[in-house]
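Could you build the full structure based on these sequences and the hints that come with them?
Read off the chains here:
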Amino acid sequence: MKKLSILIVSLLILSALLSACAGQQQAQKIRIALILPSTVDDLSWSQGMTEGVKAVQAELGEDKVEVAISERLGNPTDAAAAIRQYASQGFDLIIAHGSQYQSVLEEIAPEFPKTSFAYGTGFQAHDNIFAYDPQAQEGAYLQGMLAAKLTKTNIIGVVGPIEAGDAIKYNYGFEQGVKAVNPDAEVRIAYTGSFGDIAKAAELAKAHMDAGADILTGTAQQTVGAIRACAERPGVYWLGNDMDQSSIAPNTVLTAQAYDWKSVVMQMVKFRQEGKVGGEHLVLSLANGGLNIVVNPNLSSVIPADVMAMIEQAKKDIIDGKLVVELPK
Amino acid sequence: MIDQLLQMSVIVGIITTGVRLATPFLLAALGEMFDQRAGVYNLGVEGIMMMGAFVGFWVALRSGSPWWGILAAIGVGIFMGLLMGLISITLQAEQGISGIGLYMFGVGLAGYLFRITVGYITGIEGFKPIAIPYLSDLPIVGQIFFNHNWMVYFAFLMVPVSWFVLYKTTWGLKIRSAGMTPEAADTLGLSVVAIRYTCLVIGSIAAALAGAFLTLGHTNMYADNISAGRGFIAVALVYFGRWSPWGILGGALFFSLVDALQLWVQVLGLNIPYEFAVMAPYVLTILALTVAARQIWGPAALGKPFNREGD
Chain A
382 MKKLSILIVS LLILSALLSA CAGQQQAQKI RIALILPSTV DDLSWSQGMT
432 EGVKAVQAEL GEDKVEVAIS ERLGNPTDAA AAIRQYASQG FDLIIAHGSQ
482 YQSVLEEIAP EFPKTSFAYG TGFQAHDNIF AYDPQAQEGA YLQGMLAAKL
532 TKTNIIGVVG PIEAGDAIKY NYGFEQGVKA VNPDAEVRIA YTGSFGDIAK
582 AAELAKAHMD AGADILTGTA QQTVGAIRAC AERPGVYWLG NDMDQSSIAP
632 NTVLTAQAYD WKSVVMQMVK FRQEGKVGGE HLVLSLANGG LNIVVNPNLS
682 SVIPADVMAM IEQAKKDIID GKLVVELPK
Chain B
13 MIDQLLQMSV IVGIITTGVR LATPFLLAAL GEMFDQRAGV YNLGVEGIMM
63 MGAFVGFWVA LRSGSPWWGI LAAIGVGIFM GLLMGLISIT LQAEQGISGI
113 GLYMFGVGLA GYLFRITVGY ITGIEGFKPI AIPYLSDLPI VGQIFFNHNW
163 MVYFAFLMVP VSWFVLYKTT WGLKIRSAGM TPEAADTLGL SVVAIRYTCL
213 VIGSIAAALA GAFLTLGHTN MYADNISAGR GFIAVALVYF GRWSPWGILG
263 GALFFSLVDA LQLWVQVLGL NIPYEFAVMA PYVLTILALT VAARQIWGPA
313 ALGKPFNREG D
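In order, the protein sequences belong to chains A and B.
By the numbering used here, the letter at position 288 of the first sequence is numbered 669, and the numbering carries on one by one without gaps.
By the numbering used here, the letter at position 165 of the second sequence is numbered 177, and the numbering carries on one by one without gaps.
I should point out that these hints are in silico values taken from the structure, not numbers from a laboratory.
Treat the numbers as computed from the prediction; the structure is a model and nothing was measured.
Warning: the hint list may mix true and false statements.
Label pairs and their calculated CB-CB ranges [said to hold, decoys possible]:
{"#": "1", "chain 1": "B", "residue 1": "MET116", "chain 2": "A", "residue 2": "VAL675", "range": "33 to 43 Å"}
{"#": "2", "chain 1": "A", "residue 1": "VAL688", "chain 2": "B", "residue 2": "VAL130", "range": "30 to 40 Å"}
{"#": "3", "chain 1": "A", "residue 1": "GLN505", "chain 2": "B", "residue 2": "THR102", "range": "51 to 61 Å"}
{"#": "4", "chain 1": "B", "residue 1": "TRP162", "chain 2": "A", "residue 2": "ALA439", "range": "31 to 41 Å"}
{"#": "5", "chain 1": "B", "residue 1": "PHE288", "chain 2": "A", "residue 2": "LYS703", "range": "34 to 44 Å"}
{"#": "6", "chain 1": "B", "residue 1": "ILE144", "chain 2": "A", "residue 2": "PRO709", "range": "43 to 53 Å"}
{"#": "7", "chain 1": "B", "residue 1": "TRP258", "chain 2": "A", "residue 2": "ALA439", "range": "55 to 65 Å"}
{"#": "8", "chain 1": "A", "residue 1": "GLN505", "chain 2": "B", "residue 2": "TYR294", "range": "31 to 41 Å"}
{"#": "9", "chain 1": "A", "residue 1": "VAL675", "chain 2": "B", "residue 2": "ILE128", "range": "39 to 49 Å"}
{"#": "10", "chain 1": "A", "residue 1": "GLU492", "chain 2": "B", "residue 2": "ALA206", "range": "28 to 38 Å"}
{"#": "11", "chain 1": "A", "residue 1": "VAL688", "chain 2": "B", "residue 2": "GLY131", "range": "51 to 61 Å"}
If you only want the chain B side, here are some residues facing chain A, beta carbon under 10 Å, derived [unchecked claim]:
{"#": "12", "residue": "LEU121"}
{"#": "13", "residue": "GLY123"}
{"#": "14", "residue": "LEU125"}
{"#": "15", "residue": "PHE126"}
{"#": "16", "residue": "ASN237"}
{"#": "17", "residue": "TRP276"}
{"#": "18", "residue": "VAL277"}
Built from N, CA and C at the ideal position, the CB exists for glycine as well.
Below is the structure:
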């Protein structure tokens, strides 16, 4: 009996020592967990953020940043279990990449006051919750101007996912950009009712093209299906979102609004180092370089110089605050 | 507003879209019909479709020919069918549970294999539309029905073929008896186990081809969750179609045409909230089921494992 108790006591001491060591190690290292609605290779929303986090890791050093990723958690209830798991394992920054995670974070975050949580698209930040907020309407406005100048049929098709978050902002800004340049052009907005049904997105793009659209755009990971469908029709161009998507259709994807997630993740890491665990509303805009328009070098000749100049001017005006792209109220 | 929808080019567009959308449902549901006619319901269709979609895509990407992709998808179908047979026929597991297991296995494995073999989104050369000589020149009908790739023709051709096999051949009679009264079939010297295995393999090949259609004949690419629930709708269509090939054709066309109609209604900018448009095919299918549900008749031994010892 005595031997047993000695054994137990020594085991306890050993485990306390070990956990102390582990604790020290964690102090030097920032541990980031990423909750994704789709996959790291979706060529849009989730891949963009993954590349951002990996870029932060590369810059700060592999030994300084640990990254864990959970994919296919589009359903907030499933995501909640993973978020809680990461929080109790002692992760420092948990990024739930989607507007649908706002309410589960608000529920979980108070239980882990030292952990930082983040979500977006959103603007409501709390004590230990960051909200990041790409101003999708700004780049969308510029792409709308481009679409209005390039369309020959005066019909522009939008392949939307579900009318929410990013898609509302993007489509609203896009339409304003079109109307500012070419009031006669018609913007046809349609939704598939899903974020990930690429076959449905392809079919919607085909319907748009059959109905006369020659410039198409849209948001969410399903758009890769629509882009591939557009690539089958010569003379049709796609204006992308989230990240440079030209790899799937080099002769079709003309431009893309790309988000610089690295800067957002870096800001959150810096805030933590300064002792701030949340409460910030982080905006990605043209002004702070959080988003930008990338032109597919393959197709840069398609955009006339005067159109490019006009877009550059509009970009400057948005940055200077002379031009405000409205959001739905 | 409504006159926009009634333009001939729009009507042709809607029906053409509907025919394309119906193809994966038709293939998968006809296959599932064979499973169920023999007495096994396979809820793993979605998983088999995902595997067929991925393997078909991957082989086509590596070999440069979608035809090798089709062959590989058939191989996947045989494998998944035998697997389901092993679990639900030989080991006599609860069919609903083993089907769900097969679904999760297929979806998970397809996603995993995609990650380790390809890992990025890329397009492939899929099947090109084949205009059927003479028929494709017919006004309206030619564009709607005779200007698709071979998989669409194949799916629609399978409807009369399935009907003939099921009702006009002795083998079809054996299948039906295995699903209705397996004990009687056994007494007559038929191997219920062999019939059920064969039907599962056929059904599973059809599901794998339905998946391969999505990657090789429809989107010409692969992305995570490409099947997006179509396998489950296919299972529902078997009930909707009362286990008959013509009923399944009707159900698949009805669902897909309403889906095509709602896409076009949105594209033409008619003032209907998109939420209503998107749910229309589902709501109307449920309504049609309710109105038409007089007497549900199905294979009597559906879902019951067959055991010669009689327990």
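Cross-check of the supplied hints:
Between MET116/B and VAL675/A the CB atoms are about 38 Å apart, so this pair conforms to the stated range of 33 to 43 Å. Distance hint for VAL688/A and VAL130/B: a CB-CB separation of about 37 Å, consistent with the stated range 30 to 40 Å. At roughly 56 Å, the beta carbons of GLN505/A and THR102/B sit within the given window of 51 to 61 Å. Between TRP162/B and ALA439/A the C-beta distance comes to about 47 Å, which lies outside the given range of 31 to 41 Å.
The hint said 34 to 44 Å for the Cβ distance between PHE288/B and LYS703/A, and at roughly 40 Å that hint holds. Checked against the given bound of 43 to 53 Å, the beta carbons of ILE144/B and PRO709/A, roughly 48 Å apart, stay inside it. Evaluation of the 55 to 65 Å hint for TRP258/B and ALA439/A yields a pass: the beta carbon distance comes to about 60 Å. Restraint check, GLN505/A to TYR294/B: a C-beta distance of roughly 33 Å satisfies the suggested window 31 to 41 Å.
Distance hint check for VAL675/A and ILE128/B: the Cβ-Cβ separation is about 29 Å, which falls outside the suggested range of 39 to 49 Å. Between GLU492/A and ALA206/B the beta carbons are some 58 Å apart, a value that contradicts the proposed interval 28 to 38 Å. For VAL688/A and GLY131/B, the hinted distance range of 51 to 61 Å is not satisfied, since their beta carbons lie about 36 Å from each other. Because the beta carbon of LEU121/B sits about 14 Å from the nearest beta carbon in chain A, more than 10 Å, this interface hint is broken.
For GLY123/B, the interface hint holds, the least distance from its beta-carbon to any beta-carbon of chain A being 7 Å, beneath 10 Å. A hinted interface residue such as LEU125/B counts as satisfied when its beta carbon comes closer than 10 Å to some beta carbon of chain A; here the least separation is about 13 Å, so the hint is violated. At a threshold of 10 Å, the smallest CB-CB gap from PHE126/B to chain A is about 8 Å, leaving the interface hint in force. Checking ASN237/B against chain A by beta carbon gives a least distance of about 5 Å; that is within 10 Å, so the hint holds.
At its closest, the beta carbon of TRP276/B sits 6 Å from a beta carbon of chain A; the interface hint therefore holds under the 10 Å criterion. The interface hint given for VAL277/B holds, since its Cβ lies 9 Å from the closest Cβ of chain A, which is under the 10 Å cut-off.
Figure legend: structure checked against the earlier numbered hints; hints not met, in rising order: 4, 9, 10, 11, 12 and 14.
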